[in-house]
Structure formats: C-alpha cells, structure tokens
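> Protein sequences appear in the order of chains V and L.
Sequential numbering from 38 applies to the first sequence in the working numbering.
Sequential numbering from 38 applies to the second sequence in the working numbering.
Hints should not be assumed to be uniformly reliable.
[What the hints assert, rightly or not] Going by beta-carbon spacing under 8 Å, a handful of chain L positions derived as facing chain V: (1) T54; (2) Y57; (3) V68; (4) V111; (5) C170; (6) R174; (7) H177; (8) A207; (9) M214; (10) P218.
What the hints contain is simulated information worked out from the structure, not anything from laboratory work.
This structure is a prediction, so every number in the text was calculated from the model and none was measured.
Cβ atoms here follow ideal geometry from the backbone N, Cα and C, with glycine treated the same way.
2 protein chains.
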Amino acid sequence: MTIAILLHEGMTASDATGPYEALRSIPGATVKFVAETPGPKRMDSGFLTLVADYGIDEVSHPDVLVVCAGSPVVPPGERVLSWIQTAHETSQWTTSVCAGTLLLGAAGLLQGVRATTHWPVMDMLASFGAIACPQERYVHDGKIITSAGNSAGIDMALYLTAQIAGDEIAEATQLLMGYDPQPPFDSGSPTKASPQVIKLAQSFMQNWIASELAKYEQLS
Amino acid sequence: MTIAILLHEGMTASDATGPYEALRSIPGATVKFVAETPGPKRMDSGFLTLVADYGIDEVSHPDVLVVCAGSPVVPPGERVLSWIQTAHETSQWTTSVCAGTLLLGAAGLLQGVRATTHWPVMDMLASFGAIACPQERYVHDGKIITSAGNSAGIDMALYLTAQIAGDEIAEATQLLMGYDPQPPFDSGSPTKASPQVIKLAQSFMQNWIASELAKYEQLS
Chain V
38 MTIAILLHEG MTASDATGPY EALRSIPGAT VKFVAETPGP KRMDSGFLTL
88 VADYGIDEVS HPDVLVVCAG SPVVPPGERV LSWIQTAHET SQWTTSVCAG
138 TLLLGAAGLL QGVRATTHWP VMDMLASFGA IACPQERYVH DGKIITSAGN
188 SAGIDMALYL TAQIAGDEIA EATQLLMGYD PQPPFDSGSP TKASPQVIKL
238 AQSFMQNWIA SELAKYEQLS
Chain L
38 MTIAILLHEG MTASDATGPY EALRSIPGAT VKFVAETPGP KRMDSGFLTL
88 VADYGIDEVS HPDVLVVCAG SPVVPPGERV LSWIQTAHET SQWTTSVCAG
138 TLLLGAAGLL QGVRATTHWP VMDMLASFGA IACPQERYVH DGKIITSAGN
188 SAGIDMALYL TAQIAGDEIA EATQLLMGYD PQPPFDSGSP TKASPQVIKL
238 AQSFMQNWIA SELAKYEQLS
C-alpha cells in the first residue's frame, strides 16, 4: 500500500508529520513524501526543512492520499490540483489536514461532501459546495476523510489506520506514539478558547501572513 | 531566545516536530535544528528526511535545549553527550522527549531528578540516578523538563511556552495548532492499553530494532 503525503514550500510541518507518524506503522505501507517538484521544502516558520523524495508525477496512483495545506500566500497551482483529481480517481482513501481541505475543494472533490478544516478558514468550505462540520475533529464521508487544525491529523490518521488495518494495530500505534494527550490548557478550538486568546491567535496569523506576503513580494 | 532541537540519524520524527510546532510560536524565539554533523537526517521509518541546519558546535549555548531520542541501535556518542553537558550549564531550560531522557541521564544530568521517558525504557531511568515518574506526561524538576513517548513533546512544549511567554500565548499557540485532541481510542499508555495491544506494540518495536540492527550490521 502506497501512502502519498503532499508537501509544499511554506507549509505547516505538522500537517504532514502528524499523520505520517501514525500511518507509517500500517503493516506493508510505504509512505512517499511528494511535492510538485521533489527536494527540500522550507516550512512556514523558516526554521525547519522536510524533504520530498518524489515529484507528484512519480506517484500518480497512491492508495492513500494525504493533502496538506500550502502557503496561504502562494497557493499550489493547477498541476497540483490536477494531480489531486487524478490520484483521487483511483485512491482507496483521500484525506486532508488543516487547510489542505481547501485544496480538495479547489480540485472539485467536495461537492455535497461533509467536511472540516482549520477553524480560521471554515467559512470557505461552502464555496466549494462542501457541508461544513465545524464541531468535528475529522469527518469521514465516503472515501474522503478531512480533518481540522494541523494536530487533528494525528487523530484522523489513527482512525484511518483502524479502517485499513483494524483496531488492534491502530491502538498499538497509539501506544507506540505515547499518544495519551494531556494538554496543559483547554483552548484547542474556538469554542473552548477565551475571546482574548482567539484575538491573539488571529493576530499571530495575520502577522505571519503579512510577513509571508512581504517575503513573496521581495522575491517577485 | 535560541531553542536548539537535537536531531539524529534514525530518530523518530515527532520527537522533534511535536515540540517544534509549539515552541516556534514563542515571540522572538529562533529554533535551530542541530545535529552532530549538519545536513539531512533520515528518520527511523526510512520514509522521511528532516534537515539539521546547524552542527552542534555552532550552537553551544542555546537558551532552550530539546533533546530527542537517537536510534536505539547506534546511540549518540561522546561528542553529543559532551555538547548536552555544556549546553545545560548555561541553558534556561533543558528538556527531553521520549527516550531523549536517557541521553540527559547518560550526560549525567539526572542524579536525584524526577523524570519520565517512553514507557518501554522507563526502567532505565534508575540506572542514571533519576526518580522515575511513569504516571506523568511531563515532569518539571528545576530547569529540567522531561516528557513521555514522542507525542508527549507537544504537551510539554505548550507547558514550557507558558513558563517562558505566559499562559495566553501558550493558549493561542494551542488554538493555532488546533490541539484539541480526540483520539479514536484510549490506548496511549500501558496503563490504558489492553494486554494484547501492549504485546503487539512490543513486537512492533522488537521487529523495528531487529531491522535497524540488520541494516547497521550490513553497513559495518
């Protein structure tokens, strides 16, 4: 079984690394990190580089497709969307993490599909014909599974592991990951965080998007 | 503030990526991925490569030190242990994830210190003079914070973010990460998993160690 995880320049690392760490334990699975162009990809923080071993053209028909979000400033182009469409035609499972769900939408895969994404972009789901499920951590509809903000990819991937390989292997994977989460705060979703914390998180996002935009304008 | 995260060949990726994703949001923080030799490091699965931008000699005095576990087959050598010792002398915080705690122990930093680590190696803490706290997700003792199996690094790093930058910033970071964990199973620690699941996880680990050993023997 081939699992393709889509990397982009300027992405959030844990969109990819969270699901990877669970899915890679599926017996017989090969995980291939792919990108429009293979090679090193600098993550959004500027501090970390992940390597895409394969170009998307080299992995046309993965059994499992994990679509991560791209940079909000330079969204992935037509070649990537067309790869997602083709891969989805033959995939057993098509999944997304965080704003990666918007790429499934842009590829035309979410018409009438129940889906979720990162909370700041939840409203955009409707424009793709998707039925937004903002209260759910991950949403399974047909062979599509979408997930919420980046760390939700871990929960989604454990669920998917169980679908593919059975509950016992998924539970053993959770045990090997020591995934017994005990966050010191309970502010992981906008329904739980205080108004000040939501405002602060929004300002962090705006600052980050502005700095990405400035970098991009300097380059072009 | 400089945060150094120690990478190794053959390590588990999320030992590093989990804490990174939280700590990188600390205002003014620079995260530096370091390794004994800088460059690309292949993770334990063989599927993913992370890049260490810096050699350990280039980052002698980080403010925060995050020590991740190495390969169980080729443990990090004297140069790495000596770097950990030196870095700890001037660090504000010295932290570890998963079996990275054993490296703090091997560097002589855990005499009489309350600590935790990945459950399969918990018994080894005593040999370093540490006081094992197997029921805790992360343990803060003085300026040392150790954490349990790899995903515990997320919880530890959110706690540390709050110590450094205050609760509100830690909560905003949690919200940006969408870290509202809802694992589909409750088998993340050996006190919660069934005996069959523990046995399966142990067999996964043994197979992995055997295959790493075979690779190593072929190389040497």
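> Which numbered hints are broken by the structure, listed smallest first?
4, 5 and 7
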